[in-house]
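Number of protein chains: 2
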Amino acid sequence: MHAKTVSGLTTQRKKSMFQAAQTAEKCTSPTECVPSVATTEDARSSQKSKNSRLGFPKRSPHPLTDLSDALCSQRTSPCLMDNVIDSQRTKSTENPGAIGVANPKESPLAHIGIDLLGGDLASLAHLLATLHALYSEISTPFCLTVFAHPDMTSSIEAFKVANEIKRLEVVETREVIDMDEDPLHAIRKKRGASMCLGMELLKNKQLDALISTGNTGALIASAKLHLPMLKGISRAALITLLPTRKEPVAVIDVGANIQCTPEHLVHFAQMGLAYQKSRGIAEPKIGLLNIGTEEKKGRLELRETYKLLQSFSGFAGNVEGKEVFSGKIHVLVTDGFTGNVFLKTAEGISAFILETLHNNKKLLPFSGPLLRRLEQELYSAEYPGAILCGVDGIILKCHGDAEPEALKCSVEGALKLIEENFLNKIKTELISD
Amino acid sequence: MHAKTVSGLTTQRKKSMFQAAQTAEKCTSPTECVPSVATTEDARSSQKSKNSRLGFPKRSPHPLTDLSDALCSQRTSPCLMDNVIDSQRTKSTENPGAIGVANPKESPLAHIGIDLLGGDLASLAHLLATLHALYSEISTPFCLTVFAHPDMTSSIEAFKVANEIKRLEVVETREVIDMDEDPLHAIRKKRGASMCLGMELLKNKQLDALISTGNTGALIASAKLHLPMLKGISRAALITLLPTRKEPVAVIDVGANIQCTPEHLVHFAQMGLAYQKSRGIAEPKIGLLNIGTEEKKGRLELRETYKLLQSFSGFAGNVEGKEVFSGKIHVLVTDGFTGNVFLKTAEGISAFILETLHNNKKLLPFSGPLLRRLEQELYSAEYPGAILCGVDGIILKCHGDAEPEALKCSVEGALKLIEENFLNKIKTELISD
Numbered sequence: 001m002h003a004k005t006v007s008g009l010t011t012q013r014k015k016s017m018f019q020a021a022q023t024a025e026k027c028t029s030p031t032e033c034v035p036s037v038a039t040t041e042d043a044r045s046s047q048k049s050k051n052s053r054l055g056f057p058k059r060s061p062h063p064l065t066d067l068s069d070a071l072c073s074q075r076t077s078p079c080l081m082d083n084v085i086d087s088q089r090t091k092s093t094e095n096p097g098a099i100g101v102a103n104p105k106e107s108p109l110a111h112i113g114i115d116l117l118g119g120d121l122a123s124l125a126h127l128l129a130t131l132h133a134l135y136s137e138i139s140t141p142f143c144l145t146v147f148a149h150p151d152m153t154s155s156i157e158a159f160k161v162a163n164e165i166k167r168l169e170v171v172e173t174r175e176v177i178d179m180d181e182d183p184l185h186a187i188r189k190k191r192g193a194s195m196c197l198g199m200e201l202l203k204n205k206q207l208d209a210l211i212s213t214g215n216t217g218a219l220i221a222s223a224k225l226h227l228p229m230l231k232g233i234s235r236a237a238l239i240t241l242l243p244t245r246k247e248p249v250a251v252i253d254v255g256a257n258i259q260c261t262p263e264h265l266v267h268f269a270q271m272g273l274a275y276q277k278s279r280g281i282a283e284p285k286i287g288l289l290n291i292g293t294e295e296k297k298g299r300l301e302l303r304e305t306y307k308l309l310q311s312f313s314g315f316a317g318n319v320e321g322k323e324v325f326s327g328k329i330h331v332l333v334t335d336g337f338t339g340n341v342f343l344k345t346a347e348g349i350s351a352f353i354l355e356t357l358h359n360n361k362k363l364l365p366f367s368g369p370l371l372r373r374l375e376q377e378l379y380s381a382e383y384p385g386a387i388l389c390g391v392d393g394i395i396l397k398c399h400g401d402a403e404p405e406a407l408k409c410s411v412e413g414a415l416k417l418i419e420e421n422f423l424n425k426i427k428t429e430l431i432s433d
Numbered sequence: 001m002h003a004k005t006v007s008g009l010t011t012q013r014k015k016s017m018f019q020a021a022q023t024a025e026k027c028t029s030p031t032e033c034v035p036s037v038a039t040t041e042d043a044r045s046s047q048k049s050k051n052s053r054l055g056f057p058k059r060s061p062h063p064l065t066d067l068s069d070a071l072c073s074q075r076t077s078p079c080l081m082d083n084v085i086d087s088q089r090t091k092s093t094e095n096p097g098a099i100g101v102a103n104p105k106e107s108p109l110a111h112i113g114i115d116l117l118g119g120d121l122a123s124l125a126h127l128l129a130t131l132h133a134l135y136s137e138i139s140t141p142f143c144l145t146v147f148a149h150p151d152m153t154s155s156i157e158a159f160k161v162a163n164e165i166k167r168l169e170v171v172e173t174r175e176v177i178d179m180d181e182d183p184l185h186a187i188r189k190k191r192g193a194s195m196c197l198g199m200e201l202l203k204n205k206q207l208d209a210l211i212s213t214g215n216t217g218a219l220i221a222s223a224k225l226h227l228p229m230l231k232g233i234s235r236a237a238l239i240t241l242l243p244t245r246k247e248p249v250a251v252i253d254v255g256a257n258i259q260c261t262p263e264h265l266v267h268f269a270q271m272g273l274a275y276q277k278s279r280g281i282a283e284p285k286i287g288l289l290n291i292g293t294e295e296k297k298g299r300l301e302l303r304e305t306y307k308l309l310q311s312f313s314g315f316a317g318n319v320e321g322k323e324v325f326s327g328k329i330h331v332l333v334t335d336g337f338t339g340n341v342f343l344k345t346a347e348g349i350s351a352f353i354l355e356t357l358h359n360n361k362k363l364l365p366f367s368g369p370l371l372r373r374l375e376q377e378l379y380s381a382e383y384p385g386a387i388l389c390g391v392d393g394i395i396l397k398c399h400g401d402a403e404p405e406a407l408k409c410s411v412e413g414a415l416k417l418i419e420e421n422f423l424n425k426i427k428t429e430l431i432s433d
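Protein sequences, first through last, are from chains G and R. Residue numbers for the first sequence follow UniProt numbering, so the first one is 1 and each next one is one higher. Residue numbers for the second sequence follow UniProt numbering, so the first one is 1 and each next one is one higher.
These are calculated hints, taken from the structure and not from any lab test. Hints may contain errors.
[What the hints assert, rightly or not] For lysine-lysine, the following BS3-like pairs were computed, each having C-alpha atoms within a straight-line distance of at most 25 Å: (1) K246/R to K189/R; (2) K189/G to K296/R; (3) K231/R to K246/R; (4) K246/R to K296/R; (5) K189/R to K328/R; (6) K322/R to K296/R; (7) K231/R to K425/R; (8) K296/G to K231/R; (9) K231/R to K427/R; (10) K427/R to K246/G; (11) K328/R to K425/R; (12) K322/G to K246/R; (13) K246/G to K296/G; (14) K416/R to K246/R; (15) K322/G to K427/R.
[What the hints assert, rightly or not] Stretch by stretch, here's where chain R covers chain G in the computed footprint (C-beta under 8 Å, at least three residues): (16) 179-185; (17) 293-306.
[Unchecked claim] Pairwise CB distance ranges, derived in the manner of DEER restraints: (18) A282/R to G280/G: 35 to 41 Å; (19) A282/R to N359/G: 22 to 28 Å; (20) G232/G to L124/R: 48 to 54 Å; (21) T261/G to E263/R: 22 to 28 Å; (22) S311/R to H132/G: 32 to 38 Å.
The C-beta atom is built at its ideal place from N, Cα and C for all residues, glycine as well.
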């Protein structure tokens with residue numbers, strides 16, 4: 001095993017273990033890289049160039065990104081990542097420092113990054129249990145990068161050997177952004193944190209999707225720092241699917257923006273529409289989450305949003321929490337505070353009901369199939385996590401306490417988004433909107 | 001039947017039908033009354049006096065009651081109610097115009113008013129179905145006043161005769177406050193509306209509790225206009241019980257105030273504590289509904305409220321929607337917008353799960369007992385409706401689309417609050433807090 005630590009980051013290299021698989025699936029062996037500083041423009045061109053270098057980027061300007069604006073002073077800072085994992089998609093090269101980023105067309109396998117270090121359950125046991133769930137339950141082949149404390153590496157290595165796992169790489173880091181850290185402060189000070197490293201890999205197309213259980217605010221701030229916004233969108237928002245009596249409803253925002261203007265909410269509606277259209281729903285209906293169906297209900301920003309949304313052909317008016325599950329709307333628009341309460345309440349009462357049912361199983365000893373069907377219906381759409389919509393990259397945010405089973409669903413969800421070309425579809429929908 | 005219409009209000013009188021029952025239970029026959037104007041002070045003294053007159057009251061000053069302040073111009077307006085139903089608690093008298101308001105000690109039966117006219121389901125069929133549920137399922141004797149359009153009276157009368165119902169009176173009115181009406185405008189212009197008439201009866205102690213399915217904003221505005229606030233409370237708030245894995249949690253506010261200051265939220269915490277103590281919980285735990293448990297989470301007003309609540313011995317910090325149902329807290333403090341979304345989401349997903357279970361019953365044909373147990377656990381605490389806490393009267397707000405079964409539970413809930421002397425207990429707790 002070859003490990004090298006610079007500025008809190010150690011790159012894990014496992015040439016011998018990966019070469020066979022990488023050759024077979026065009027995920028070639030990792031190569032050496034040297035410290036470098038790259039601009040955003042460099043990063044953008046990396047998809048075409050096989051010789052671009054990894055580094056902390058300059059940020060591209062985004063309209064209304066107050067969060068990103070606060071980070072502007074960091075845009076020309078030198079990169080602290082002087083050694084990072086080489087993508088399994090990169091071409092093998094004998095030239096240290098040159099990282100060849102493969103053209104996606106040459107890389108048939110999707111490459112997922114999963115960062116559990118900042119989550120509530122972060123531990124070696126949790127990481128290993130997650131890996132076990134991923135490799136035992138997902139049949140589709142994929143490349144995986146996990147982020148781990150150096151102390152965890154030998155155990156992960158042992159897991160790989162014991163289970164004959166291929167296409168799994170580890171990015172070591174001692175830096176983690178905690179749940180209660182101020183997002184802006186954290187991403188400024190902890191550039192070697194797992195979340196930031198993952199975003200860097202995503203930006204440079206060395207990952208196709210990044211999954212995180214960490215600090216939501218830091219994830220969003222980091223995404224806005226690294227990735228351009230989608231055209232016409234001023235705020236990134238978290239979107240998630242929830243089951244209803246008919247089609248799953250896409251709820252946006254479920255936690256990215258605790259306060260929103262009517263314009264933000266309209267952008268959320270546009271993204272929600274684009275997302276549902278990309279899922280094959282021809283004419284999605286939009287509802288505005290409120291405390292009554294009447295136009296005058298709710299806070300001022302909701303009343304103004306109502307007026308703005310009336311120009312949308314799919315606008316079905318205000319919707320109350322109890323009506324969402326009827327399936328009459330496909331997109332539920334709300335600010336991130338209310339949406340988060342909505343989502344977590346739905347989860348909380350679902351878990352409570354399932355527990356009540358389990359506790360009363362003595363009333364019906366053979367109720368297992370009924371409960372399993374219920375759990376399946378409740379959780380199939382929800383578990384993949386929330387998609388951070390509005391930035392040019394696939395980022396999935398899972399709960400801080402996501403269990404291995406939920407994370408397995410999240411990886412499956414990410415693979416599906418990649419396979420179905422989600423990002424291009426949503427860009428097309430937003431342009432044609 | 002004697003009916004008289006003045007200013008949109010008809011008082012329904014049924015001397016012959018009521019006399020036997022009223023005599024037996026000290027609910028004596030109704031008497032004539034004349035138009036009058038009374039001040040709030042008059043109204044307050046009416047409990048002691050047997051000769052006070054009904055009328056539209058002056059309002060007592062309440063700190064921070066912006067809603068009430070907007071109504072100040074109405075405080076000396078003459079009463080439009082020139083004929084109202086006589087309470088079954090009143091003493092019989094031959095002197096028209098003099099209404100004897102009985103001392104509560106002389107009235108062993110609780111007197112409930114129920115106003116369904118402003119609800120989403122308002123119809124004769126709904127009213128009759130509700131009466132059927134009340135009289136067939138509640139064994140405790142009580143006096144009831146319902147509000148009805150004159151067209152409904154003959155059918156209600158027929159129902160009474162057919163079912164040998166006693167102690168049921170009808171207040172006729174053609175005025176109703178609709179769901180989408182501006183609350184302040186409505187209670188100014190529609191003083192003969194069912195809701196306002198009910199509040200008048202409550203103020204004059206002719207009702208012990210009022211139940212309404214109507215416009216929430218108008219109900220609150222009307223309550224604040226007619227009734228004094230409880231000591232130390234600046235805003236009335238809706239409180240409701242929801243089931244958890246342990247004791248039911250009291251959620252406050254679930255819809256009265258869509259925007260709140262930290263001071264309002266602290267008052268809600270005080271009322272929630274008092275309510276749970278009045279229910280027998282010695283040391284209730286308080287949680288602040290937020291999108292994370294960390295102190296810095298959420299909007300500014302929540303972060304400030306967190307600091308203020310730290311001086312409360314029972315403060316358990318921020319609580320997420322999914323944690324509420326664990327039962328670790330007894331009082332959940334939130335603004336009325338978020339609380340309403342929380343409540344309706346919990347109801348919506350519960351109904352969805354129950355429907356999913358019913359739809360999958362073929363998996364387990366004899367799952368009826370399990371489902372019934374679940375429904376019982378889910379709805380037993382929830383159905384009585386929300387209590388409007390903070391004003392000096394017992395007012396229960398049910399959903400606009402409350403079904404007869406829910407309304408039956410609400411009447412049972414009101415009877416329990418009266419029997420257990422809820423209002424005095426909460427006053428005592430607030431004073432000793």
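To see whether the hints hold, each was checked on the structure:
For a cut-off of 25 Å, the pair hint linking K246/R to K189/R is broken: about 46 Å separates their Cα positions. Taking the CA atoms of K189/G and K296/R, the gap is near 19 Å; set against the 25 Å cutoff, the hint holds. Simply put, K231/R and K246/R have alpha-carbon atoms about 31 Å apart, too far for the 25 Å limit, and the pair is violated. Of the pairs offered as hints, the one joining K246/R and K296/R is violated, with about 28 Å between alpha carbons and a cut-off of 25 Å exceeded.
At roughly 46 Å between alpha-carbon atoms, K189/R and K328/R are farther apart than 25 Å, so this suggested pair is violated. This hinted pair checks out: K322/R and K296/R have alpha carbons roughly 19 Å apart, not beyond 25 Å. As the CA atoms of K231/R and K425/R are separated by approximately 13 Å, the hinted pair is consistent with the 25 Å bound. In summary, the hint linking K296/G to K231/R is not supported, as the alpha carbons are separated by about 32 Å, beyond the 25 Å threshold.
For the hint linking K231/R to K427/R, the alpha-carbon distance of about 8 Å falls within 25 Å, and the restraint holds. Proximity of K427/R to K246/G is assessed by CA-CA distance (about 48 Å); at most 25 Å being required, the pair is judged violated. Only pairs whose Cα atoms come within 25 Å are accepted, and K328/R paired with K425/R is accepted, the gap being roughly 24 Å. Of the supplied pair hints, the one linking K322/G and K246/R holds, its CA atoms being roughly 24 Å apart against a limit of 25 Å.
Under the criterion of a C-alpha separation no larger than 25 Å, the hint pairing K246/G with K296/G is inconsistent with the structure, at around 28 Å. Of the pairs offered as hints, the one joining K416/R and K246/R holds, with about 21 Å between alpha carbons and a cut-off of 25 Å not exceeded. Between K322/G and K427/R, the direct Cα distance comes to roughly 34 Å. Violation of the 25 Å bound is thereby established for this hinted pair. Coverage of a stretch by a chain is defined here by at least three residues with a beta carbon nearer than 8 Å to that chain's beta carbons; for the region 179-185 of chain G and chain R the count is 3, and the condition holds.
Residues of the region 293-306 of chain G lying with their CB closer than 8 Å to a CB of chain R number 5, which satisfies the three-residue condition for coverage. Take A282/R and G280/G: their Cβ atoms lie about 56 Å apart, and the range 35 to 41 Å is violated. At roughly 26 Å, the beta-carbon separation of A282/R and N359/G lies within the given 22 to 28 Å, and the hint holds. Between G232/G and L124/R the Cβ separation comes to about 53 Å, which falls inside the hinted range of 48 to 54 Å.
Checked against the hint of 22 to 28 Å, the pair T261/G and E263/R passes, with Cβ atoms roughly 26 Å apart. Under the hint 32 to 38 Å, the C-beta atoms of S311/R and H132/G, about 47 Å apart, miss the expected range.
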